[in-house]
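K.L.:
Taken in sequence, the protein lines are chains B and Z.
Taking my numbering, I'd label the letters of the first sequence as residues 77 to 194.
Taking my numbering, I'd label the letters of the second sequence as residues 32 to 147.
Since the hints were derived computationally from the structure, they do not count as laboratory data.
Values in this document were obtained by computation on a predicted structure and should not be read as measured data.
Among the hints, a few may not be true.
Unchecked claim - For each label pair, taking beta carbons as the anchor points, the in silico distance ranges come out as: (1) Lys-133/B to Ala-48/Z: 40 to 48 angstroms; (2) Gln-156/B to Arg-108/Z: 23 to 31 angstroms; (3) Ala-47/Z to Lys-133/B: 42 to 50 angstroms.
Said to hold, decoys possible - Some chain Z residues well away from chain B (every beta-carbon gap over 10 angstroms; in silico): (4) Gly-60; (5) Ile-99; (6) Gly-140.
Said to hold, decoys possible - Some chain Z residues well away from chain B (every beta-carbon gap over 10 angstroms; in silico): (7) His-41; (8) Leu-87; (9) Glu-142.
Note that the Cβ used here is the ideal one computed from N, Cα and C, for glycine as well.
One letter stands for each residue in the lines below.
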Amino acid sequence: GAGVSQSPSNKVTEKGKDVELRCDPISGHTALYWYRQSLGQGLEFLIYFQGNSAPDKSGLPSDRFSAERTGGSVSTLTIQRTQQEDSAVYLCASSLNRPGGPRTDTQYFGPGTRLTVL
Amino acid sequence: AQSVSQHNHHVILSEAASLELGCNYSYGGTVNLFWYVQYPGQHLQLLLKYFSGDPLVKGIKGFEAEFIKSKFSFNLRKPSVQWSDTAEYFCAVKPLIYNQGGKLIFGQGTELSVKP
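Okay, chain B solo, but in the shape it has when bound (with noise of 0.2 angstroms):
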């Protein structure tokens, strides 16, 4: 079936700039995971959606991240006035999170979305 998707593959904005960066999950996954993959800082957790629940707000680094799960399904992670060292890989991922019976919490990962802030 269809893995994470992400979109857009590439993004190139100039200091300053709003940025918003959409993944659309497995068909059926719970759980949506941001994180960010940057030279010298390594795959960093952002914010993680379970179901209805409130949102896991702890690794965002700054008030200028934030991140909204429509539906129960697509996520858009907005980053605004963004800045020269908000520049990163930004992957999403996924999990199916079925309460009870065997382990369905296993990650999934879109190919992520690439961003240049000049």
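Position chain Z against the provided structure of chain B, taking the given hints into account.
P.N.:
Frame of chain B; chain Z shown alone:
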């Protein structure tokens, strides 16, 4: 703070050599453990995972990993590497604060280059 340490940043091997990549984590509670691989130009793919039970887990493409709880380690092994194993390998830990779900904590990654 929880952290994951991968000892080798870059490993260079010849084909047919054996591979062992180290991974240690710092967290005193129960964890799930993962190895992900990122081939050049591709996205992160799951190589193998440990949730419970037999501490020796087998993954795709002949990879295996052993969870040693007393050493907080989850080392990745392959007896004979191929050129196609050239990739970056990431160890990840998920503290079991919740029954399911929760963030992954990644190591810094190990770049493996296999010479034909």
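K.L.:
Indicate, hint by hint, whether the structure satisfies it.
P.N.:
Taking the hints in turn, this is what the structure says about them:
1. Lys-133/B to Ala-48/Z: 40 to 48 angstroms: The hint (40 to 48 angstroms, Cβ to Cβ) holds, given that Lys-133/B and Ala-48/Z are roughly 44 angstroms apart.
2. Gln-156/B to Arg-108/Z: 23 to 31 angstroms: For Arg-108/Z against Gln-156/B, whose Cβ atoms are near 45 angstroms apart, the range 23 to 31 angstroms is violated.
3. Ala-47/Z to Lys-133/B: 42 to 50 angstroms: Hint holds: Cβ distance 47 angstroms, inside 42 to 50 angstroms.
4. Gly-60: holds (16 angstroms)
5. Ile-99: holds (21 angstroms)
6. Gly-140: violated (6 angstroms)
7. His-41: holds (14 angstroms)
8. Leu-87: Non-interface label on Leu-87/Z holds, nearest chain B Cβ at 18 angstroms vs cutoff 10 angstroms.
9. Glu-142: At roughly 12 angstroms from the nearest Cβ of chain B, Glu-142/Z sits farther out than 10 angstroms, so the non-interface label holds.
Of the numbered hints listed earlier, those contradicted by the structure are 2, 6.
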